[in-house]
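Since chain V is already given, all that's left is putting chain B on it; use the hints.
There are 2 protein chains.
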Amino acid sequence: MATTVVNKKVNGVEIDKLFESIGAMKNLPKLADFRFRLKNRWINCGHNRSEIKNFYGVCQEDSSRRQPFVLDADEPPVLLGADQGPNPVEYLLHALAACVTTSIVYHAAAKGVQLQQVESRVEGDIDLRGFLGIDDTVPRGYKSIRMKFKIQADVPDQQLEEIVQLGPTYSPVFNTLTRGVKVDVSLDR
Amino acid sequence: MATTVVNKKVNGVEIDKLFESIGAMKNLPKLADFRFRLKNRWINCGHNRSEIKNFYGVCQEDSSRRQPFVLDADEPPVLLGADQGPNPVEYLLHALAACVTTSIVYHAAAKGVQLQQVESRVEGDIDLRGFLGIDDTVPRGYKSIRMKFKIQADVPDQQLEEIVQLGPTYSPVFNTLTRGVKVDVSLDR
Chain V
1 MATTVVNKKV NGVEIDKLFE SIGAMKNLPK LADFRFRLKN RWINCGHNRS EIKNFYGVCQ
61 EDSSRRQPFV LDADEPPVLL GADQGPNPVE YLLHALAACV TTSIVYHAAA KGVQLQQVES
121 RVEGDIDLRG FLGIDDTVPR GYKSIRMKFK IQADVPDQQL EEIVQLGPTY SPVFNTLTRG
181 VKVDVSLDR
Chain B
1 MATTVVNKKV NGVEIDKLFE SIGAMKNLPK LADFRFRLKN RWINCGHNRS EIKNFYGVCQ
61 EDSSRRQPFV LDADEPPVLL GADQGPNPVE YLLHALAACV TTSIVYHAAA KGVQLQQVES
121 RVEGDIDLRG FLGIDDTVPR GYKSIRMKFK IQADVPDQQL EEIVQLGPTY SPVFNTLTRG
181 VKVDVSLDR
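For the protein sequence lines, the chains are V and B, in the order given.
Residue 1 is where the first sequence starts when you use the working numbering, and the numbers rise one by one after that.
Residue 1 is where the second sequence starts when you use the working numbering, and the numbers rise one by one after that.
Chain V on its own, in the form it takes in the complex (with noise of 0.2 Å):
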């Protein structure tokens, strides 16, 4: 009798694929050592603009991307810019966000656990005086960050509190922001 191999998904994730990747990496652990990177230029004021395309991954240079992501960050006329874009620390935002999501939803699925519906809202306050280098006690970052989910899933509600902790226990853009981690700034002569 053949075998029929079905791509099962669930929250779009190929089940099969994940457990074969994970299964890979278990093996031969170099194969998870990833280098995101990006170049970035500045354009005028607040506005810059980062182009990201490849990375490397899985012991190889990834060159899949055609073409690259192009984001513009600018300041709010507020902040003396021209409004071309989200400005940085709403990017900040952003990648934490989506990174608590896709968390969940992968964690979710390796679990079994279909979700219907994922949305947040997240905000974060800051005071300005620390970047105007107005007092230097006040720190130049995000104080503190406040995330809060509505999921709709396939299980019981009691266990909603289960599924969104599964977000800030994997999510590297999380662990990296309450961890912190080293930065190194040089000049490229």
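Treat the hints as calculated values from the structure; they're not laboratory data.
Take the hints with a grain of salt, since some may be wrong.
It does not matter which identical chain is used: a pair holds within one copy or between any two.
[To be verified] Straight line, CA to CA, 35 Å or less: simulated DSBU-like cross-link-like pairs of lysine-lysine:
1. K143 to K17
2. K8 to K148
3. K111 to K182
4. K148 to K182
Same frame as chain V, now just chain B:
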């Protein structure tokens, strides 16, 4: 003799307005309290979308943006996505590049230093065994991030190092990432 007021710009930054803002925030610190925010919605698999519009700052709701900025995040095929946008950890590098660049540009302007060019290359190393839950001793997030800047400015070459260091000194995203921040994640029933 009439005084002609010219809106002097350095690096595109209106210097008079910058010092006016700094003066106002020194006198009334609550003008510097900003709250940025977004909403995010999961679409399928690794694909989700943020909308960014209003924020709070200088003691009022800023609703000057007519349309929201819309940002799509996804994962590349090797990470089981459909590549509908940069992935969350790439967005994190963009937030960092944009913020360090803007910090250099604004603080150089405040010092009266005209820049001709600011370009950067940013890369970050991550071991995805963390995200995948393969090994709990592996951090989920970036292990390290490096930024290399090429800067051309109206200063002697030996002062370029000082100019580049304005970035990590004042950047809110750099500070948030390297210091770490509290992120509260909760279920909104």
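Hint check:
no.	hint	verdict
1	K143 to K17	between (39 Å within a copy, 26 Å between copies)
2	K8 to K148	within (30 Å within a copy, 43 Å between copies)
3	K111 to K182	both (33 Å within a copy, 28 Å between copies)
4	K148 to K182	both (28 Å within a copy, 14 Å between copies)
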